[in-house]
Amino acid sequence: MGVTRRQLLRAGTGVSAAGLLAACGGGSDGSGATAGSGGADRPRTGGTLRVGALGHGSAITRDPHGTQANESDYLILALVFDTLTVPGAAKNTAPRLAASWESSQDLRTWTFRIAEGAVFHDGTPVTAEDVVWSLQRLRRTPSGAARLPGIQVGNISARDDGTVVVVSDYANADFPLMTRFSSFVLKKGTSDADIARAPGTGPFTLDWFRGGNARLVRNDRWYGPAVHLDAIEVTMFETPQAMANALLAGQIDLASNAGAVAARTARSRADVQVLRRPDDMAMPIVMRTAADSPFADRRVREAIRLVVDREAMVKQVLSGYGTVANDILGTGDPRYAKDIPQRGRDLVRARKLLRDAGFDLSRTYELVTTEDISGLAESATLFADQAREAGIKVEVVKQESGAFWDRTWKSGDFYTSYWGTNDSVVFFASKTMVSEAGQNEAAWHDTGFDAAYREVIGSDDPKRRAAALTALQRIEHDRSGYLLWGMADGIDLAASKVRNLPKLPGYGRVQLEGVWLR
Amino acid sequence: MTPTAATRRAPAPAAGTAHRITATALRIAGVVARRALLLVVLLAVVFAAVELLPGDAADAASERGESAADLAARRHLLGLDRPLWERFADWMTALPAGDLGTSAQGQKVTDLLADPLPNTLVLAASAFVITVVSSLLLGCWAASKPGGRGDRIVSHLSTAAFAVPEFVVSVSLLLVLSLWTGWLPAATVTGGDGRPATWTMLIMPVLALAVPQTGWNTRVVRGALADQASAPHVEAAHLDGLPPHVVLLRHQLPGAVPAVATGLATSTGLLFGGAVVVETLFNYPGVGSVLAGAVAARDTPLIAGVVMSAGAVISAVLLAADLVRHATLGARA
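Sequence lines, in order, name chains A and B. Taking the numbering used here, the leading residue of the first sequence gets 1, the next gets one more, and so forth. Taking the numbering used here, the leading residue of the second sequence gets 1, the next gets one more, and so forth.
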């Protein structure tokens, strides 16, 4: 062990204050995307950060354009390779390998300029050809159409050495957002056989990878801001419990995405920082809106949304590590409509709405859930209890994950879902709510909503776009098929010496390039 | 068993030895063939069982937002659009060349198992050795004074140890030896060589596996020794005035070996089963955790790869136990 328990305890004294500040989300230090730094401290260069991240030995993948089921794999890839854009704080899309981007008037043609001085780990400069080849490779994977929606392989091209042009099939004001997750850039012509050792352009180079674990060392040639750590060691953990235990025992310095249960365990330890990344996970209840569903009448859906006790859900399901939500998905979006009044619990009104709609209260309604993520099944159970107080009989049915995705998702009348990317209202509108969305979980068709959505992604006038986005959120709040009661925080546990940790939800958790050790 | 017993009585020692070796070889070949056939049947069952589960590997490896056409492309990429028997035949015919196929995430199954399998073998073998030594010691000690205080204590403790599941033992060990005292690392961290970074990371997982099995096997040893105690030759030895420990070790124990070997052989299967739980709790990088993930992801080649390797190891151990039992019974005949 690099640090003894006593050192940890000693270092821990000044930490809880910093941890608290971080938890409150003070972003005034200019770094924006990260937290945990005491304002007076100057970053110290050196040291090795030992990170734990979740993953299964069975699901290991080395391909940056593959399906990364393991958080550990994605973390390693995101530090070795660069995407064009990354999640940001002030705006949800921030530059990375693409230093800047702009669109044509019709919002179909997007031009990305590659960052000055970007080179691969073997020293060769990054060219537009490499970027084009990588985006085309990504587009050709089975998930390519989902990852680069509306983009055909032939519509990705290089204008000159430093500029890439992507033409979308339709107007899409939010296209750069789609390049945040997996637009990893490799050298043109990298063969599948060489993918595991392919040089990236990221802040760290791969020293070794074995069985899901890896060691990364600082890339001194990185074009981004100064990297302080000498190295990062990633250990794959199968369960959050084992990961939290390793952190508490001082075997790792950071437990990434350890969850609320681990946070509760670690809360009493002065030598451990509990870092909260708000708006990390949405666990909405989906009500199918199609005509043959008991929830087809929007008054019924409104009533169901009035039945839930949101504070109680956050307190009990998330152990308090979360915030109450207002039935609008994309809560982390800087453009999220905070001025729409918060819906609260109103059983009287709920009963009246159900009566008016002729909702059958003698029936028992099945709410299907899974144990895919911690808290999901508990949320269904607690909701069922709360619904009973309004006279609605809800029976929770737990399905095994495979069975759920095969049989219930997108077709069930009443089920729990979950989403890990929550910093864009438009993302959810396009993926899950506009009539033609491939993952229209509630089979919702609303002409008013569709019109607002088209205005948002198709209008080049920022004012009109902003107005449409507000209208869109209002409609979603009023009549969509979702009940979104709250948002779970992403929770990282860290030793007290770790500074400038990630603060953003979702995939923002991998932004470790600014971390330093005191 | 009778043929070998007969050769032991053969008058010409040289010819008898040769004959015996051939007979043993034939016997081993027969057992190996039977076990191999059993393994093939088991693998066929695995392929069929995964097919019966809802969802498939393409579903599990897909991302939300993939259309039906994307999913079909993924299914084709993984070969899932071909009939089950064809995939099974392909997998089986590649097997002799040491090719266990490709996982749903595109990694070679042999690569995915290259480190975990030896790690699990080290874990299970260490637990097995501890189980053998401690159950023999405890069983003999208990049998040395039947009905005495030691016998009663061992009897109660071994029952209790066997009744406690691995995860309870694991969590207790974890709390006491790591989180409260800080003596041992709480989780296994794996180094660049694919092995646990320090040997101390093995202690708790090994103990968690060995404790319940020691409980079970101590009872087997104690019971087998008790059976032997009433055998005529043991009673005769006592009447001859031999010291009790000599009677126990020279006359009771050899007769108890077949029953003990069978008990221990059964333990190997249970050790592998327990490894799934223990590896998860201690983050030990073995096949147990690979198997659990593979089943959740409906990753048939990977599941078959684990079943195949674990099955081969367990078969080898059972064969060894068979031979031990056979040799000792043969000697007594």
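Keep in mind the hints are simulated off the structure, nothing from the lab. A quick note: this is a predicted structure, and the numbers were derived from the prediction, not measured. One should not assume that every hint holds.
20 Å max Cα-Cα, derived SDA-like pairs, lysine to any residue [unchecked claim]:
no., chain 1, residue 1, chain 2, residue 2
1, B, K108, A, D192
2, A, K410, B, K108
3, B, K108, A, A193
4, B, K108, A, W208
5, A, K338, A, A466
On the chain A side, residues computed to face chain B include the following (Cβ under 10 Å) [claimed, not checked]:
no., residue
6, G154
7, R210
8, A403
9, P462
C-beta atoms are modelled at their ideal positions from N, C-alpha and C, and glycine is treated no differently.
Item checked: In rising order, the numbers of the hints this structure does not comply with -> Result: hints 2, 6 and 9 break, sorted rising.
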